[in-house]
Amino acid sequence: MKGLSEVLAPEIRRAAASLDVARIREDFPILKQQVNGRPLVYLDNAATSQKPRQVIEAISRFYSEDYSNIHRGVHTLSQRSTQAYEAVRTKVQRFIHAAEDREIIFVRGSTEGTNLVAYGYLRPRLQAGDEIVISGMEHHSNIVPWQMLRDEKNARLRVIPINDDGEVIFEEYEKLLNSRTRLVAVTHVSNALGTINPIRRMVELAHRQQVPVLVDGAQAIPHLAVDVQALDCDFYTFSGHKLYGPTGIGVLYGKAKILEAMSPFQGGGDMIASVTFEKTTYNKIPHKFEAGTPDIAGVIGLGAAIDYVQAIGIEAISAYEEELLDYATGEISKIPGVRILGSAKEKASVLSFTLEGVHPHDIGTILDQQGIAIRAGHHCAQPVMDRFQVPATARASFAFYNTKEEVDALVTGVRTVMEVFN
Amino acid sequence: MSDLRDLYQDLILDHTKRPRNFGPLKNANCRADGHNPLCGDKLTVFVDLENGVVKDVRFQGSGCAISTASASMMTESIKGKTRAEAETLFGKFHQMLTGPQGVELEDSDELGKLVVFSGVKEFPVRVKCATLAWHTLNAALKHQVEPASTE
Numbered sequence: 001m002k003g004l005s006e007v008l009a010p011e012i013r014r015a016a017a018s019l020d021v022a023r024i025r026e027d028f029p030i031l032k033q034q035v036n037g038r039p040l041v042y043l044d045n046a047a048t049s050q051k052p053r054q055v056i057e058a059i060s061r062f063y064s065e066d067y068s069n070i071h072r073g074v075h076t077l078s079q080r081s082t083q084a085y086e087a088v089r090t091k092v093q094r095f096i097h098a099a100e101d102r103e104i105i106f107v108r109g110s111t112e113g114t115n116l117v118a119y120g121y122l123r124p125r126l127q128a129g130d131e132i133v134i135s136g137m138e139h140h141s142n143i144v145p146w147q148m149l150r151d152e153k154n155a156r157l158r159v160i161p162i163n164d165d166g167e168v169i170f171e172e173y174e175k176l177l178n179s180r181t182r183l184v185a186v187t188h189v190s191n192a193l194g195t196i197n198p199i200r201r202m203v204e205l206a207h208r209q210q211v212p213v214l215v216d217g218a219q220a221i222p223h224l225a226v227d228v229q230a231l232d233c234d235f236y237t238f239s240g241h242k243l244y245g246p247t248g249i250g251v252l253y254g255k256a257k258i259l260e261a262m263s264p265f266q267g268g269g270d271m272i273a274s275v276t277f278e279k280t281t282y283n284k285i286p287h288k289f290e291a292g293t294p295d296i297a298g299v300i301g302l303g304a305a306i307d308y309v310q311a312i313g314i315e316a317i318s319a320y321e322e323e324l325l326d327y328a329t330g331e332i333s334k335i336p337g338v339r340i341l342g343s344a345k346e347k348a349s350v351l352s353f354t355l356e357g358v359h360p361h362d363i364g365t366i367l368d369q370q371g372i373a374i375r376a377g378h379h380c381a382q383p384v385m386d387r388f389q390v391p392a393t394a395r396a397s398f399a400f401y402n403t404k405e406e407v408d409a410l411v412t413g414v415r416t417v418m419e420v421f422n
Numbered sequence: 001m002s003d004l005r006d007l008y009q010d011l012i013l014d015h016t017k018r019p020r021n022f023g024p025l026k027n028a029n030c031r032a033d034g035h036n037p038l039c040g041d042k043l044t045v046f047v048d049l050e051n052g053v054v055k056d057v058r059f060q061g062s063g064c065a066i067s068t069a070s071a072s073m074m075t076e077s078i079k080g081k082t083r084a085e086a087e088t089l090f091g092k093f094h095q096m097l098t099g100p101q102g103v104e105l106e107d108s109d110e111l112g113k114l115v116v117f118s119g120v121k122e123f124p125v126r127v128k129c130a131t132l133a134w135h136t137l138n139a140a141l142k143h144q145v146e147p148a149s150t151e
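In the order they appear, the protein sequences are chains A and B. Read in order, the letters of the first sequence are residues 1 to 422 in my numbering. Read in order, the letters of the second sequence are residues 1 to 151 in my numbering.
These are calculated hints, taken from the structure and not from any lab test. On a predicted model such as this, the values are computed, not experimentally measured, just so you know. Worth double-checking, as some hints may not be accurate.
[Claimed, not checked] Below, a list of computed lysine to aspartate or glutamate pairs in the DMTMM-like style, where the Cα atoms sit at most 25 Å apart:
#1 B:Lys26 <-> B:Asp3
#2 B:Lys42 <-> A:Glu356
#3 B:Lys17 <-> A:Asp368
#4 B:Lys81 <-> B:Asp6
#5 A:Lys32 <-> A:Asp368
#6 A:Lys334 <-> A:Glu346
#7 B:Lys26 <-> B:Asp48
#8 B:Lys17 <-> A:Asp386
#9 B:Lys113 <-> B:Asp56
#10 A:Lys257 <-> A:Glu204
#11 B:Lys42 <-> A:Asp368
#12 A:Lys153 <-> A:Glu260
#13 B:Lys17 <-> A:Glu356
#14 A:Lys345 <-> A:Glu331
#15 B:Lys79 <-> B:Asp109
#16 B:Lys121 <-> A:Asp368
#17 B:Lys42 <-> A:Asp386
#18 A:Lys257 <-> A:Asp101
#19 A:Lys255 <-> A:Asp295
#20 B:Lys113 <-> A:Glu419
#21 A:Lys32 <-> A:Glu57
#22 B:Lys121 <-> A:Glu419
#23 A:Lys404 <-> A:Glu315
#24 A:Lys334 <-> A:Asp165
#25 B:Lys17 <-> A:Glu419
#26 A:Lys345 <-> A:Glu315
#27 B:Lys81 <-> B:Glu110
#28 A:Lys345 <-> A:Glu172
#29 A:Lys345 <-> A:Asp165
#30 A:Lys32 <-> B:Asp3
#31 B:Lys81 <-> B:Asp109
#32 B:Lys55 <-> B:Glu87
#33 A:Lys91 <-> A:Asp227
[What the hints assert, rightly or not] Quick partial rundown of chain A residues pointing at chain B, CB under 7 Å, derived from the structure:
#34 His359
#35 Gln369
#36 Val420
#37 Asn422
Here a beta-carbon is modelled for each residue, glycine too, at the ideal position from N, C-alpha and C.
Same shape as in the complex, but just chain A:
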């Protein structure tokens, strides 16, 4: 497997090597504790990541000093809140390299972003017999909304098969696109396998048939530099809580032209320009899609998280995590009976594995007794489990605050599992 670090520029490799992880760990209060008498080893970052004090303090400071409702007050606090809220929109725009800040819509998370596209974009455009294309490695959140529309509209859901390495089979994808395809919805990085999908090529192919593409970026955003204009995707979603920010806040990016042509998803305050009992005129984008008082403090926390990540550098984070994943993959593979699921050439931060004769749930419990937090289960990706014919996997997922020593603790932990069962 060719690691990302091998293809990265030398200065980025140096940046990865210079990542001061000991100092970074000082920023994460939760990591300092002991669990079951052992130092906490937190390897469940693909489920959610921990928060640096910069994020925790930004939220606390906002509530203590600036908090008010946004967009409607003439008073000082409302102006401060509005300014801080809208400044994060611009920050997100720059972070994902969107063309304009009005293309950034604040939502609860990736799931809500996907549902917004399902109901605001696709539903009015979907006819009986039309097709939606997804991949075989999607999270349930990028399957179920499309199934619901399929059933309502009598449409078809087409699935791009994946190979034994856990990569989409490109030729099959090409065959699935046709004049009835109305949307491609695909994950950037697989939460169960770690595969990085070739999004730019997939978008290019879909666009040849005038098919728009939604990218689920929930797993990609903490690990990869994302440039939505370079990808040329039409929609991109992500959640703040996987990016070291708070829960309950996320982003839907959409190309302005498409967002403008879309109907609102929810009705309420802030999304209107004027209301009478006869007629309502909707607000402009992005406000058209932000009905009601939003998670203002969540947005502030997300802004602090982006600042934090950018101060370290997303390229340096990518390179460091790639090193960590390569090391973990090598070490875990040495344990007899281990099977790693997902061996894509391009992978990010996820190590999914099974142990012969041991259910992943038991691995999870035994590791927890040693202070090690991993995820055991189907990872909300049951079709992936079916594809590899396993009921579940154990999944270790890494962040830039993890260390090689923690990987060693994981390996020792897995060996203990073997001892218990043999």
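Chain B: place on chain A using the hints.
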């Protein structure tokens, strides 16, 4: 690591590796499917119930060590018991796993070998693993059509 040995006792590991009464039961007149959505454990319990007595019982499916061992030992414990006795035993088993800490169980003799699961109490998220087979048995004995669930 002593806690781990409380959970994964030798008897439990023995039943995990060599589950008893495993596989379908041809003469079953009661059966039910059980599902633990948390971890994806799925099993089926087959019962040959004659005049209110469990004449034979078997199970099949896949699950973690605790759920497999629990299903296996359950089949051994309830064979020959009446439906009411099986239900009472489940009640006591459930009480052992979920009752208040430090309270001695009355009549723990009745549980016999099943006391080996008492360590599960220290692992609240695993209680459902240990009770899945019993919930499924209950459903089978009541001829429920809907699959039993730990939820």
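Going down the list of hints, with the structure as the test:
A threshold of 25 Å between alpha carbons decides the hint, and for Lys26 of chain B with Asp3 of chain B the separation of about 40 Å lies outside it, so the pair is violated. Taking the CA atoms of Lys42 of chain B and Glu356 of chain A, the gap is near 19 Å; set against the 25 Å cutoff, the hint holds. Using a Cα cut-off of 25 Å, the hinted pair Lys17 of chain B and Asp368 of chain A holds, with the two alpha carbons roughly 22 Å apart. The straight-line distance between the Cα atoms of Lys81 of chain B and Asp6 of chain B is roughly 28 Å, outside the 25 Å bound, and the hint therefore fails.
About 16 Å separates the Cα atoms of Lys32 of chain A and Asp368 of chain A, which keeps this hinted pair within 25 Å; it holds. Distance restraint check for Lys334 of chain A and Glu346 of chain A: the Cα-Cα separation of roughly 21 Å lies within the 25 Å cut-off, and the hinted pair is therefore satisfied. Between Lys26 of chain B and Asp48 of chain B the CA atoms are separated by roughly 9 Å; this keeps the pair inside 25 Å, and the hint holds. Note on Lys17 of chain B and Asp386 of chain A: the hinted pairing holds, with a Cα-Cα distance of about 23 Å set against a maximum of 25 Å.
Of the pairs offered as hints, the one joining Lys113 of chain B and Asp56 of chain B holds, with about 19 Å between alpha carbons and a cut-off of 25 Å not exceeded. The straight-line distance between the Cα atoms of Lys257 of chain A and Glu204 of chain A is roughly 18 Å, inside the 25 Å bound, and the hint therefore holds. Distance restraint check for Lys42 of chain B and Asp368 of chain A: the Cα-Cα separation of roughly 24 Å lies within the 25 Å cut-off, and the hinted pair is therefore satisfied. Straight-line distance between C-alpha atoms of Lys153 of chain A and Glu260 of chain A comes to about 24 Å, which keeps the hinted pair within the 25 Å bound.
Taking the CA atoms of Lys17 of chain B and Glu356 of chain A, the gap is about 12 Å. The hint holds against a cut of 25 Å. Between Lys345 of chain A and Glu331 of chain A the alpha-carbon distance is near 18 Å, which keeps this suggested pair within the 25 Å criterion. Pair hint Lys79 of chain B plus Asp109 of chain B holds up; C-alpha atoms about 17 Å apart against a cutoff of 25 Å. Between Lys121 of chain B and Asp368 of chain A, the direct Cα distance comes to roughly 16 Å. Compliance with the 25 Å bound is thereby established for this hinted pair.
About 14 Å separates the Cα atoms of Lys42 of chain B and Asp386 of chain A, which keeps this hinted pair within 25 Å; it holds. Restraint check: the Cα-Cα separation between Lys257 of chain A and Asp101 of chain A comes to about 13 Å, which is no more than 25 Å; the hinted pair holds. With a C-alpha separation of about 23 Å, the suggested pair Lys255 of chain A and Asp295 of chain A falls inside the 25 Å cut-off, and the hint holds. At most 25 Å may separate the alpha-carbon atoms for a hinted pair to count; Lys113 of chain B and Glu419 of chain A meet this at roughly 24 Å.
Taking the CA atoms of Lys32 of chain A and Glu57 of chain A, the gap is near 17 Å; set against the 25 Å cutoff, the hint holds. This hinted pair checks out: Lys121 of chain B and Glu419 of chain A have alpha carbons roughly 23 Å apart, not beyond 25 Å. The straight-line distance between the Cα atoms of Lys404 of chain A and Glu315 of chain A is roughly 19 Å, inside the 25 Å bound, and the hint therefore holds. The suggested pairing of Lys334 of chain A with Asp165 of chain A holds, with an alpha-carbon distance near 19 Å, which does not exceed 25 Å.
Between Lys17 of chain B and Glu419 of chain A the CA atoms are separated by roughly 14 Å; this keeps the pair inside 25 Å, and the hint holds. Using a Cα cut-off of 25 Å, the hinted pair Lys345 of chain A and Glu315 of chain A holds, with the two alpha carbons roughly 18 Å apart. About 12 Å separates the Cα atoms of Lys81 of chain B and Glu110 of chain B, which keeps this hinted pair within 25 Å; it holds. Proposed proximity of Lys345 of chain A and Glu172 of chain A is supported: the alpha carbons are some 18 Å apart, at most 25 Å.
At most 25 Å may separate the alpha-carbon atoms for a hinted pair to count; Lys345 of chain A and Asp165 of chain A meet this at roughly 8 Å. Among the hinted pairs, Lys32 of chain A with Asp3 of chain B is consistent with the structure: their alpha-carbon atoms are about 23 Å apart, no more than 25 Å. The hinted pair formed by Lys81 of chain B and Asp109 of chain B meets the criterion: a straight-line CA distance of about 16 Å does not exceed 25 Å. Distance check on the hinted pair: Lys55 of chain B and Glu87 of chain B sit about 15 Å apart at the alpha-carbon level, within 25 Å; holds.
For the given pair, Lys91 of chain A sits about 13 Å from Asp227 of chain A by alpha-carbon distance, which is consistent with the 25 Å threshold. Nearest Cβ of chain B to the Cβ of His359 of chain A: about 4 Å, under the 7 Å cut. The hint holds. The beta carbon of Gln369 of chain A is positioned within 7 Å of a beta carbon in chain B (closest approach about 5 Å), and the interface hint is therefore held. Interface restraint check for Val420 of chain A: the shortest CB-CB distance to chain B comes to about 5 Å, inside 7 Å, so the restraint holds.
With 7 Å as the threshold, the beta carbon of Asn422 of chain A stays out of range of chain B, its nearest partner Cβ sitting at about 9 Å, so the hint is violated.
Consistency note: the structure conflicts with the earlier hints numbered 1, 4, 37.
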